[in-house]
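Enquirer: Respectively, the protein sequence lines represent chains A and B. Position one of the first sequence corresponds to residue 1 (the working numbering), numbered consecutively onward. Position one of the second sequence corresponds to residue 1 (the working numbering), numbered consecutively onward.
There's no promise every hint is true.
The calculated lysine to aspartate or glutamate pairs, modelled on EDC-like cross-linking and capped at a C-alpha distance of 20 Å, are [claimed, not checked]:
id	chain 1	residue 1	chain 2	residue 2
1	B	180	A	134
2	A	4	A	209
3	B	180	A	72
Note that these hints are calculated values from the structure, not bench results. Just so we're clear, the structure is a prediction, and the values are computed from it rather than from any experiment.
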Amino acid sequence: MILKLDNVNKSFNDIDVLKDFSMKIYSKEIVCIVGPSGCGKSTLLNIISGLIQPCSGKIKHGRFNISYVFQEDRLLPWKNVYENIRLVNKDSSREKCMDFISRVGLKGFEGYYPSELSGGMRQRCSIARAFNYEGDLLLMDEPFKSLDYQLRIDMINYLLKLWDNTKKSIIFVTHEIDEALMLGDRILLLSTRPSKIYKEFIVQNDKMDRSLDDSSLMRIRNDIIHSFQHKGK
Amino acid sequence: MKDSTIKISNDIASFDKNNTLGETLNQKNKRTGTIILLCITLILWQGLSLIYSPIILPSPVMTIKTLISIIRSGLFYRETLVTLGRLISGICGAVIIGSILGILMGSFFRIRRVFEPFVYFIQATPPILYMTLAMIWFGLDGQATVFIIFIASMPIIAVNVKEGFANIDSKLIEMGKVFKFSRIQVMIDIIIPSLKSYFKSALIIVMGFGWKLAVMGEVLSSSTGLGSQITDARMNIETDKVFAWGIIIIFLCFLSQKIVASTMDFKRIRRKNYDTEIR
């Protein structure tokens, strides 16, 4: 286990966002968090990354670096693609940065500034940046939201390949059930505010070789949709 | 995947081309407009100068002749350098003190509370009041001019830098925190570039304002510099010289603003170098 949240509470202006929230993250796993919008998924990631402090509760983890793909790209407008990616890890070699750039399909755009790129390209740049940081835990907050379907599939495959190389834990927040089914070892379904883990699904299939047509995945998918319709909302 | 990337890059390249083409067309239109306006002004000026005596309104031809003789004589370079020296020392002082004050006001709430009213007070006071005081305090050589440039420019820089601080994207600062940027890195990579555009516009304003103040200061208090030449011309009722020096000052003011604007815009140049380095 690399991260443990124990009865974490967080409220903004008397609105309880998280109430007695507990969860564990084990090493080498991808945990997908699915939930209705506004249920506090981003707040949860911000608490884990230390950007905001919980009102009460404990977060236990060893000394480690956290890498983050934000919902918005958060690239520096005055740095080009290459510089933005290099910036978070000054020790990384040029070859390594260029490798990340070509893997996210931005080859030829190294010298472009964020304002000259499309939303999807910026997001891919921010994903490459997060990978280059070499965190022990990668937080991803709806990272593929602005990508088209084909690119989304490519990115999922690439993320899996990368995970296979490094075996780092990933917390992946999304509201696309299919993304969660393709990636997750565990899928946590959150309830509406104040959020709790409403249901946990464990996906047994080898994630390097999954197909959405698979009957077991279909079953989980139906389960999730069913839960959404009844309690999740 | 590769194909699609290439396609996108082609699309962007053609987009760039169209864009620059549009820009040049636009610029051409703008230029023709300016030239037409200039011609109308010259014709009007010529017409009026036929009605009035050259003491009231010298003709364009006469003004240009005087202008050329001024530029040919050593006077032009000498006086310009004197005024430029005063301008630059005033503005440098304003930039240094104004930036420090702006950064302090932007970073610390308490300092802002103490200094903000003070800065606005300095800004609200008419420059001519400072001029009068400066003439009493520093006498009738260049110091009074340097002083009014400084005192009028400093609050503009300070207020702009402070405003820049208020508009720094907090999400970028958060990003720096997550990726464990050092304080110095946050300052160099996030805060200072965020302030740059505010600083740049302040500097352009101050440049334009500075020239006017420099000349006003010299007309009132100095026997050297461009302003003193205008005073001399007025005393000798050489209206053509007043016009000629006026044109010189307008040109210098325009030029220095353009220089500031272009030197503070590295983006395009850097992109080019970077491309060749990478590929």
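Enquirer: Hints broken by the structure, by number, lowest first?
Expert: 2
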